[in-house]
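**Q** Here is how the chains run, residue by residue.
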Amino acid sequence: MKRKLILSVAAGALTAGSAMAEDLTLCWAAWDPANALVELSTEFEEESGHNMSFEFVPWPNFADRMLNELNSGGQLCDLMIGDSQWIGLGAEAGHYVKMNDFFDANGISMDDFIPATVTGYAEWPKGTPNYWAMPAFGDVVGWTYRKDWFERPELQAEFKESYGRDLAPPATLAELKDIAEFFQGREIDGTTVYGAAIYTERGSEGITMGVTNALYNYGFDYGTADEPYKIDGIVNSPEAAAGLEFYKELYDCCTPPGSSDWYMSENIDAYKSGQVAMQMNFAFIWPGVEADPNVGGGKSGYFPNPAGPGGQFAQLGGQGISVVNYSDNKDAALEYIKWFSQPEVQKKWWEVGGYSALNAVVEDPGFASSQPYAQTFLDSMAIVKDFWAEPAYADLLIAMQDRVHAYVIAGDGTAQEALDKLVEDWNEVFEDEGKI
Amino acid sequence: MTDSTVDRLAQATPPTLARKVKGLSDRAIAWLFIAPTIFLLLAVNIFPLIWTIRLSFTNYRVNRPNSDVDWVGTRNYERILTDEDTWEKMQATAHFLISTLAIQVLIGFALAYLINKKFKGDALWTTIIVFPMMLSPAVVGNFWTFLYQPQIGLFNTVVGTILGTDPASFSMIGDVHLAPWAIVIVDTWMWTPFVMLICLAGLRSIPESIYEAAECDRASGWRQFWTITIPMVLPFLMLAVLFRGIENFKMFDLVVQLTGGGPGNTTTLTSIDLKREAFERWRTGYASAYAIILFVTVFGLASIYVKALNKVKER
Numbered sequence: 181m182k183r184k185l186i187l188s189v190a191a192g193a194l195t196a197g198s199a200m201a202e203d204l205t206l207c208w209a210a211w212d213p214a215n216a217l218v219e220l221s222t223e224f225e226e227e228s229g230h231n232m233s234f235e236f237v238p239w240p241n242f243a244d245r246m247l248n249e250l251n252s253g254g255q256l257c258d259l260m261i262g263d264s265q266w267i268g269l270g271a272e273a274g275h276y277v278k279m280n281d282f283f284d285a286n287g288i289s290m291d292d293f294i295p296a297t298v299t300g301y302a303e304w305p306k307g308t309p310n311y312w313a314m315p316a317f318g319d320v321v322g323w324t325y326r327k328d329w330f331e332r333p334e335l336q337a338e339f340k341e342s343y344g345r346d347l348a349p350p351a352t353l354a355e356l357k358d359i360a361e362f363f364q365g366r367e368i369d370g371t372t373v374y375g376a377a378i379y380t381e382r383g384s385e386g387i388t389m390g391v392t393n394a395l396y397n398y399g400f401d402y403g404t405a406d407e408p409y410k411i412d413g414i415v416n417s418p419e420a421a422a423g424l425e426f427y428k429e430l431y432d433c434c435t436p437p438g439s440s441d442w443y444m445s446e447n448i449d450a451y452k453s454g455q456v457a458m459q460m461n462f463a464f465i466w467p468g469v470e471a472d473p474n475v476g477g478g479k480s481g482y483f484p485n486p487a488g489p490g491g492q493f494a495q496l497g498g499q500g501i502s503v504v505n506y507s508d509n510k511d512a513a514l515e516y517i518k519w520f521s522q523p524e525v526q527k528k529w530w531e532v533g534g535y536s537a538l539n540a541v542v543e544d545p546g547f548a549s550s551q552p553y554a555q556t557f558l559d560s561m562a563i564v565k566d567f568w569a570e571p572a573y574a575d576l577l578i579a580m581q582d583r584v585h586a587y588v589i590a591g592d593g594t595a596q597e598a599l600d601k602l603v604e605d606w607n608e609v610f611e612d613e614g615k616i
Numbered sequence: 085m086t087d088s089t090v091d092r093l094a095q096a097t098p099p100t101l102a103r104k105v106k107g108l109s110d111r112a113i114a115w116l117f118i119a120p121t122i123f124l125l126l127a128v129n130i131f132p133l134i135w136t137i138r139l140s141f142t143n144y145r146v147n148r149p150n151s152d153v154d155w156v157g158t159r160n161y162e163r164i165l166t167d168e169d170t171w172e173k174m175q176a177t178a179h180f181l182i183s184t185l186a187i188q189v190l191i192g193f194a195l196a197y198l199i200n201k202k203f204k205g206d207a208l209w210t211t212i213i214v215f216p217m218m219l220s221p222a223v224v225g226n227f228w229t230f231l232y233q234p235q236i237g238l239f240n241t242v243v244g245t246i247l248g249t250d251p252a253s254f255s256m257i258g259d260v261h262l263a264p265w266a267i268v269i270v271d272t273w274m275w276t277p278f279v280m281l282i283c284l285a286g287l288r289s290i291p292e293s294i295y296e297a298a299e300c301d302r303a304s305g306w307r308q309f310w311t312i313t314i315p316m317v318l319p320f321l322m323l324a325v326l327f328r329g330i331e332n333f334k335m336f337d338l339v340v341q342l343t344g345g346g347p348g349n350t351t352t353l354t355s356i357d358l359k360r361e362a363f364e365r366w367r368t369g370y371a372s373a374y375a376i377i378l379f380v381t382v383f384g385l386a387s388i389y390v391k392a393l394n395k396v397k398e399r
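Protein chains in written order, with our numbering: chain A, 181 to 616; chain B, 85 to 399.
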């Protein structure tokens, strides 16, 4: 240990630009990409001489734990890969270091990243060139399906007879529901299987991250470009209500029993254990699906969130990497970001299972065929929309979680009533915030 | 005896301290002794309470330390008390409280009555029955979610077999009608032993001679039960209800693990709602008002109940 420390210090002393070895802590969610980043970061340690520690928190507690840390001015984290919705709070409450000068000084251009990730993970206020993070991990909600089941001739024939088309990845949400209905309760290899695993979780952000994939595609939006806080008639438009009804119908008709509080991990478990024909989930799971002995190795396929009557969109996930303002090691933390921004590092990031948002990586001619899910990732990233990133995003999120869960899962009232109440809740938040 | 102890202590007091204390009155010495306790009480209980009351009249948010804090009068209280959703959560809490208390008192007393009848292996059965309350609520919540799992859960399998239905046809924690009972069942499973132990203490405190006298008067078993057992156990039973009532009013961990407050808001108890307001939405002022309302409610109900308990004890 002591030897390693001495070696690290020696390596650090030899590295240009790093005066002394620092202990850096990077905070993120506990999931597969985080493990990949640990692997990747050993190169940074070797190059810089700094020592990296990691603080990973499981997703359901991630926001609680990390926002507490930021709000209390804690010095646990030097680097934070925070959720995209935190960017407003991070900027306005002074939790994050503004990166513009650093980017300019080090030749890091936001034009080099997928535009949606820059808007989603780095900018505040949105649409302005004020950057508080560098896109670190591109992610989006998409669908995984049992390709091996879809290809079975007897199921193909039966589906065609019932629906008049081939059993293939759906192009529209209506088609997706048909397929889910087709599989619901069906016996496959002696096991009862179900249509689809969708997000229904209530405690953190689950059902919101799921239902928006239906709402957006039916016409729901978060206000207008001119009046971002004018939500009445948009959030609760008849089209949005139809989208919410669709999600409830999908939940009622085609999900496994007991899936009333499911999010990422439950959906993964249901899919890998052969319970469902399709699952909604963030793209980060795809490398794990491919590697799984039950459903990987060509048994699974991937498709972007299907279109609805109002267009085709998908819920943005992913995060940017920021430097925490309360850190005593800001220079070393910025050094890490500089290292991470390099195209060769970003390429390795993709190879170890991280979803790079750098154009140089995703626009590489070989990218789309580098993994079975790479093309779906690209297609999905082209249609993203994100939830509010206001400083009060937590209030807005909790209200949506409550209203949507009450309607979709508990069957409380109508879709229109749920969205009307959501508008009331959100207007109350905006009034408190002095936005309207 | 007391004098000699006092004398010994006086002799043992170092002369320097004795000189300092010599000029103090008994009252001053008494204050000297209780001052640290009073200070701690003020610092840990009273000051936070007063501070919470103060915050409840503001729009303070602990996650915005740089924002202005405005005095909003009684707006927070008005918002809470006129919010339909708050009353929904109050109703969910009342349902949980009343159902668990009623069922636990009935089953707890019945179990205590049986155990009190001294039979072979009664000690072993007592240990087995008491076992659930030794577990952590988080653990209990977690494993009951597996028991309630529609496809493989033991609970669903047993109920499905008894009723002759498909176990996967109902979801205890996903169904809006069943979820409130799902949390009642688990709390009852875990805490009925506590009520049983208190009842057992009450039953064992009844002198045998009273029953012997009743036997001599040819009182039937039924009459003995209603005129001796129940009145004499009642103070114990009421104490158990008080403890369980206070505990269940602030129930949090078990329900969060089981249902997370869902589906919808069906099992969102006031304590869960308060936590979300305070530490997820960060509406500190609003949450302070909410906490004060809950405090007054519990304090008021508990005071009335303790008065009734004292009356029963005096009978």
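Keep in mind that the hints were calculated from the coordinates and are not lab data.
Check the hints yourself; a few may be wrong.
Here are a few chain B residues that face chain A, going by a calculated C-beta distance under 10 Å [unchecked claim]:
{"id": "1", "residue": "151"}
{"id": "2", "residue": "256"}
{"id": "3", "residue": "334"}
{"id": "4", "residue": "337"}
{"id": "5", "residue": "340"}
{"id": "6", "residue": "343"}
{"id": "7", "residue": "345"}
{"id": "8", "residue": "366"}
Calculated cross-link-like contacts (lysine to aspartate or glutamate; reagent style DMTMM-like; alpha-carbon spacing at most 25 Å) [claimed, not checked]:
{"id": "9", "chain 1": "B", "residue 1": "334", "chain 2": "A", "residue 2": "355"}
{"id": "10", "chain 1": "A", "residue 1": "340", "chain 2": "A", "residue 2": "355"}
{"id": "11", "chain 1": "A", "residue 1": "615", "chain 2": "A", "residue 2": "605"}
{"id": "12", "chain 1": "B", "residue 1": "359", "chain 2": "A", "residue 2": "355"}
{"id": "13", "chain 1": "A", "residue 1": "327", "chain 2": "A", "residue 2": "559"}
{"id": "14", "chain 1": "A", "residue 1": "528", "chain 2": "A", "residue 2": "203"}
{"id": "15", "chain 1": "A", "residue 1": "428", "chain 2": "B", "residue 2": "296"}
{"id": "16", "chain 1": "A", "residue 1": "479", "chain 2": "A", "residue 2": "331"}
{"id": "17", "chain 1": "B", "residue 1": "359", "chain 2": "A", "residue 2": "331"}
{"id": "18", "chain 1": "A", "residue 1": "306", "chain 2": "B", "residue 2": "167"}
{"id": "19", "chain 1": "A", "residue 1": "357", "chain 2": "A", "residue 2": "566"}
{"id": "20", "chain 1": "B", "residue 1": "201", "chain 2": "B", "residue 2": "110"}
{"id": "21", "chain 1": "A", "residue 1": "601", "chain 2": "B", "residue 2": "169"}
{"id": "22", "chain 1": "A", "residue 1": "601", "chain 2": "B", "residue 2": "296"}
None of the values given here were measured: they were computed from a predicted structure.
No residue lacks a Cβ here, since even glycine has one placed at the ideal position from N, Cα and C.
**Q** Taking the hints in turn, state whether each one holds.
**A** Hint check:
Contact between residue 151 (chain B) and chain A, as hinted, is supported at the beta carbon level, the nearest pair being about 9 Å apart and thus within 10 Å. The closest approach between the C-beta of residue 256 (chain B) and any C-beta of chain A is roughly 8 Å, which is under the 10 Å cut-off, so the hint is satisfied. Restraint check, residue 334 (chain B) versus chain A: the minimum CB separation of about 19 Å is more than 10 Å; hint violated. Residue-level restraint check for residue 337 (chain B) is violated (minimum Cβ-Cβ distance to chain A is 13 Å; threshold 10 Å).
The interface hint given for residue 340 (chain B) is met, as the beta carbon of that residue sits about 8 Å from the closest beta carbon of chain A, less than 10 Å. Proximity of residue 343 (chain B) to chain A holds as hinted, the smallest CB-CB distance being about 7 Å (cut-off 10 Å). With its C-beta approaching chain A no nearer than about 7 Å, residue 345 (chain B) sits inside the 10 Å limit, and its interface hint holds. Given the 10 Å rule on beta carbons, the hint for residue 366 (chain B) holds: about 7 Å separates it from the nearest Cβ of chain A.
For the hint pairing residue 334 (chain B) with residue 355 (chain A), the CA-to-CA distance comes to about 47 Å; that exceeds 25 Å, so the pair is violated. At roughly 12 Å between alpha-carbon atoms, residue 340 (chain A) and residue 355 (chain A) fall within 25 Å of each other, so this suggested pair holds. Taken as a hint, the residue 615 (chain A) and residue 605 (chain A) pair is honoured in the structure, with Cα atoms around 14 Å apart against an allowance of 25 Å. The straight-line distance between the Cα atoms of residue 359 (chain B) and residue 355 (chain A) is roughly 41 Å, outside the 25 Å bound, and the hint therefore fails.
Between residue 327 (chain A) and residue 559 (chain A) the CA atoms are separated by roughly 19 Å; this keeps the pair inside 25 Å, and the hint holds. With a C-alpha separation of about 23 Å, the suggested pairing of residue 528 (chain A) with residue 203 (chain A) holds against the 25 Å cut-off. A distance of roughly 66 Å separates the Cα atoms of residue 428 (chain A) and residue 296 (chain B); the hinted pair therefore is violated under the 25 Å criterion. A distance of roughly 10 Å separates the Cα atoms of residue 479 (chain A) and residue 331 (chain A); the hinted pair therefore holds under the 25 Å criterion.
With a C-alpha separation of about 49 Å, the suggested pair residue 359 (chain B) and residue 331 (chain A) falls outside the 25 Å cut-off, and the hint is violated. The suggested pairing of residue 306 (chain A) with residue 167 (chain B) is violated, with an alpha-carbon distance near 33 Å, which exceeds 25 Å. Proximity of residue 357 (chain A) to residue 566 (chain A) is assessed by CA-CA distance (about 24 Å); at most 25 Å being required, the pair is judged to hold. Pair hint residue 201 (chain B) plus residue 110 (chain B) does not hold up; C-alpha atoms about 54 Å apart against a cutoff of 25 Å.
The straight-line distance between the Cα atoms of residue 601 (chain A) and residue 169 (chain B) is roughly 11 Å, inside the 25 Å bound, and the hint therefore holds. Between residue 601 (chain A) and residue 296 (chain B) the CA atoms are separated by roughly 67 Å; this puts the pair beyond 25 Å, and the hint is violated.
Checked against the numbered hints given earlier, the structure breaks hints 3, 4, 9, 12, 15, 17, 18, 20, 22 and satisfies all the rest.
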